[in-house]
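Chains A and B are the protein sequences, given in the same order.
Going by numbering that gives the first Met the number 0, the first sequence opens with residue 0, and the numbers climb by one from there.
Going by numbering that gives the first Met the number 0, the second sequence opens with residue 0, and the numbers climb by one from there.
Don't take every hint at face value.
Stated by the list, open to error - Straight-line alpha carbon distances no greater than 27 Å define the calculated DSS-like cross-link-like pairs of lysine-lysine that follow: (1) K363/B <-> K130/B; (2) K19/B <-> K328/B; (3) K114/B <-> K4/A; (4) K70/B <-> K19/B; (5) K342/B <-> K328/B; (6) K4/A <-> K58/A; (7) K266/B <-> K351/B; (8) K24/A <-> K58/A; (9) K75/A <-> K192/B; (10) K34/A <-> K114/B; (11) K3/A <-> K75/A; (12) K75/A <-> K114/B; (13) K342/B <-> K34/A.
The set of hints was computed from the structure by calculation and includes no laboratory data.
It should be emphasised that the depicted structure is a prediction, and the values quoted were computed from it without experimental measurement.
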Amino acid sequence: MVAKKVLLRFSNSLISKPIVYRLVKDYNLAFNILKAQILPDEEGEMVLEIEGDRACYEKGMAFLKDTGVEVLNIDKRIVKDEERCYHCSACTVVCPSGAISIDRETMRVGYDPEQCIVCELCVGTCPPRAMRVEIV
Amino acid sequence: MAGQTEVRKTYSEINAKIRKGEAVVVTAEEMIGIVDREGPVGAARKVDVVTTGTFGPMCSSGAFLNFGHSKPKIKVSKAWLNGVSAYAGLAAVDLYIGVTEIPEEDPENKVHPGKFLYGGGHVIEDLIAGKEVRLKAVAYGTDCYPSGEIDTQITLQALNECYLFNPRNAYQNYNCAVNFGNKMLYTYMGGLKPKLGNANYCSAGQLSPLLNDPYYRTIGIGTRIFIGGNMGYVVGPGTQHNPSVKRGENGVVRAPAGTMATYGDLKGMRTEYVRGVSLQGYGTSLALGIGVPIPILDQELARTTGVSDEQIVTQIVDYSTDYPQGIAKSYGEVNYRELKSGKIMIEGKGVKTAALSSYPKAVKIAETLKEWILGGRFFLGEPQETLPSADAGVSFKPLTQR
Numbered sequence: 000m001v002a003k004k005v006l007l008r009f010s011n012s013l014i015s016k017p018i019v020y021r022l023v024k025d026y027n028l029a030f031n032i033l034k035a036q037i038l039p040d041e042e043g044e045m046v047l048e049i050e051g052d053r054a055c056y057e058k059g060m061a062f063l064k065d066t067g068v069e070v071l072n073i074d075k076r077i078v079k080d081e082e083r084c085y086h087c088s089a090c091t092v093v094c095p096s097g098a099i100s101i102d103r104e105t106m107r108v109g110y111d112p113e114q115c116i117v118c119e120l121c122v123g124t125c126p127p128r129a130m131r132v133e134i135v
Numbered sequence: 000m001a002g003q004t005e006v007r008k009t010y011s012e013i014n015a016k017i018r019k020g021e022a023v024v025v026t027a028e029e030m031i032g033i034v035d036r037e038g039p040v041g042a043a044r045k046v047d048v049v050t051t052g053t054f055g056p057m058c059s060s061g062a063f064l065n066f067g068h069s070k071p072k073i074k075v076s077k078a079w080l081n082g083v084s085a086y087a088g089l090a091a092v093d094l095y096i097g098v099t100e101i102p103e104e105d106p107e108n109k110v111h112p113g114k115f116l117y118g119g120g121h122v123i124e125d126l127i128a129g130k131e132v133r134l135k136a137v138a139y140g141t142d143c144y145p146s147g148e149i150d151t152q153i154t155l156q157a158l159n160e161c162y163l164f165n166p167r168n169a170y171q172n173y174n175c176a177v178n179f180g181n182k183m184l185y186t187y188m189g190g191l192k193p194k195l196g197n198a199n200y201c202s203a204g205q206l207s208p209l210l211n212d213p214y215y216r217t218i219g220i221g222t223r224i225f226i227g228g229n230m231g232y233v234v235g236p237g238t239q240h241n242p243s244v245k246r247g248e249n250g251v252v253r254a255p256a257g258t259m260a261t262y263g264d265l266k267g268m269r270t271e272y273v274r275g276v277s278l279q280g281y282g283t284s285l286a287l288g289i290g291v292p293i294p295i296l297d298q299e300l301a302r303t304t305g306v307s308d309e310q311i312v313t314q315i316v317d318y319s320t321d322y323p324q325g326i327a328k329s330y331g332e333v334n335y336r337e338l339k340s341g342k343i344m345i346e347g348k349g350v351k352t353a354a355l356s357s358y359p360k361a362v363k364i365a366e367t368l369k370e371w372i373l374g375g376r377f378f379l380g381e382p383q384e385t386l387p388s389a390d391a392g393v394s395f396k397p398l399t400q401r
C-alpha cells in the first residue's frame with residue numbers, strides 16, 4: 000500500500016475531459032481531493048491524496064502522464080530548526096503521534112521524524128516557528 | 000544563641016570578594032542541595048551569590064531607539080520598522096517599538112486562528128541579529144524639521160541608542176492555564192485543547208528570579224541583571240506588580256504576583272536570548288531571557304533561594320470562561336514539580352502539561368550569570384529602592400467603567 004500526495008496540472012485542452020475518475024474505476028485507487036482550481040489561463044490544478052496498491056498506483060500515475068497530465072509529488076515532512084527551538088514544550092501536547100517528546104531530566108524537546116504523521120499541528124503552535132513544513 | 004548564628008554580609012563585602020575572585024557563586028538549582036545539607040545558616044556562611052534565570056514570552060516589552068537626524072531634518076509623526084508601526088510621539092527621531100505590535104496589513108484573526116508571523120518582537124530580534132531593517136517615516140514638516148518623509152534601511156550598529164525598556168517582565172509565578180470549554184482555545188498561554196486537553200504553565204519555578212527572593216529584599220531600581228545576553232538593570236516595579244497575593248508559609252506567592260520593569264542595551268544582546276515569537280490566534284511577542292543575582296546577605300536569603308519546585312504552587316485557571324470574563328476562580332493548586340512531570344490531576348482527570356517558558360534556557364542563563372560573576376566581569380548593583388513588598392499595601396485594581 001502507498002499513500003501519496005500529488006499535484007496534477009491539466010493544460011487547457013485537457014480541462015474539460017473527465018480523467019481522474021479513472022484512477023478509481025481502472026486502477027482501484029482511492030483519492031481525497033485536497034485542492035482544485037482553474038487558473039486564469041484555463042489551466043487546471045489539483046492536489047490529491049492517493050491511496051492504494053503500489054503497482055496500481057504506479058500504473059495510475061503512468062496513465063495520467065500518458066494522457067498529458069503533469070504529475071508532481073508533493074510529499075511533505077516536518078523539520079525542526081534546532082537553532083530556533085528554545086525548548087519550551089508548547090508543541091508536545093498538540094502532537095498526536097508521539098513524534099515530539101520531552102526529556103524530563105533536561106526538559107529538552109526532542110523530535111523523531113520517523114514517527115511524524117505530518118499533521119502540521121506543531122507548526123502553528125510553535126512560538127518561535129521552529130517546526131517547518133518541507134516539501135520533499 | 001540566635002545572635003551567634005546570624006550571618007550578615009553587605010553588597011560591598013560581596014563585591015570585594017568578586018573583585019578578588021573569592022566569591023562563592025551557585026545557581027538557584029545548586030542552592031537547593033546546599034541548604035538541604037547545611038541549613039540556611041551554614042549555606043549563608045558558604046555562599047555569597049545565588050544566580051537565577053528565566054526565559055519565556057514577556058509581552059510587556061519594547062525598545063526605544065534613536066536613529067539619528069536625516070538631511071534635511073525630520074520630526075517624525077508616524078513610523079514603521081519592517082512595516083510594524085513604532086510609537087513616534089516623542090522627540091524628532093526617537094521611537095518606541097512594542098513587541099506585540101503587528102503590521103497594519105496583517106490578517107489578524109480574520110481567518111481564525113491567525114498566524115501572526117511577524118511583529119515588533121521580530122523587529123527587535125532582527126536588529127540584534129544585525130539585519131537591515133526598513134525604516135519608513137512621515138511627518139508634517141516644520142521650519143526646523145522640514146522633511147516630510149524618509150524611507151531607508153537601518154542597522155543596530157548605526158543607531159545612536161537602542162535599548163529594551165520593558166514595563167513588565169519576569170512575573171513572579173504565573174497561572175496554570177486550562178480549558179474547561181468544548182472548543183479549542185488559542186491563547187497567550189498557547190493552544191488549550193477542549194475539556195481539559197492540556198494544562199500550560201509559564202515559569203522557571205525554582206530558578207525563577209522573584210520566586211527566589213519572594214519579598215524582593217534585594218531587587219529594585221539599580222539591581223544589575225542579565226537581560227537578553229547583556230548586562231542590564233531593574234528600573235523599578237513592573238506594571239501590575241502585586242505583592243499582596245496569598246503566600247505559603249515559606250513566603251512564596253501562590254499566584255501571579257511581583258513583576259519588574261527592566262532596561263538593557265540591545266547592542267551586546269544575543270538572539271539566543273531574545274526571540275520574536277508568534278502566538279497562534281493571539282499575536283506576536285518577545286521571548287526574553289532574564290537572570291537576577293541574589294546576594295546572600297543573611298540566612299533568610301539562603302533559605303528563600305533554597306526553594307525547590309515542590310515548594311512552589313500556582314493556581315489552575317480556566318481560560319474558556321473565567322479568565323476572559325474576569326472571574327477569579329481556581330480549580331486547585333499544583334506545584335512545579337508536578338507541572339514539570341508532564342501530567343497533573345484536575346478534578347480526577349490526568350491532564351498533560353506543557354510549558355511556554357524554557358527551563359533549559361533558564362538553566363543556561365543562571366550558569367552564564369554565575370560564570371560572569373566568578374570571572375569578575377559582573378558586580379552586584381545595590382538597589383536604591385527595593386520593589387514594594389507584601390506590607391506595602393499595593394493592590395491590583397481592575398478597571399472601573401463608567
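Against the structure, the hints come out as follows:
no. : hint              : verdict
1   : K363/B <-> K130/B : 25 Å, holds
2   : K19/B <-> K328/B  : 52 Å, violated
3   : K114/B <-> K4/A   : 24 Å, holds
4   : K70/B <-> K19/B   : 51 Å, violated
5   : K342/B <-> K328/B : 21 Å, holds
6   : K4/A <-> K58/A    : 16 Å, holds
7   : K266/B <-> K351/B : 40 Å, violated
8   : K24/A <-> K58/A   : 13 Å, holds
9   : K75/A <-> K192/B  : 25 Å, holds
10  : K34/A <-> K114/B  : 21 Å, holds
11  : K3/A <-> K75/A    : 10 Å, holds
12  : K75/A <-> K114/B  : 20 Å, holds
13  : K342/B <-> K34/A  : 39 Å, violated
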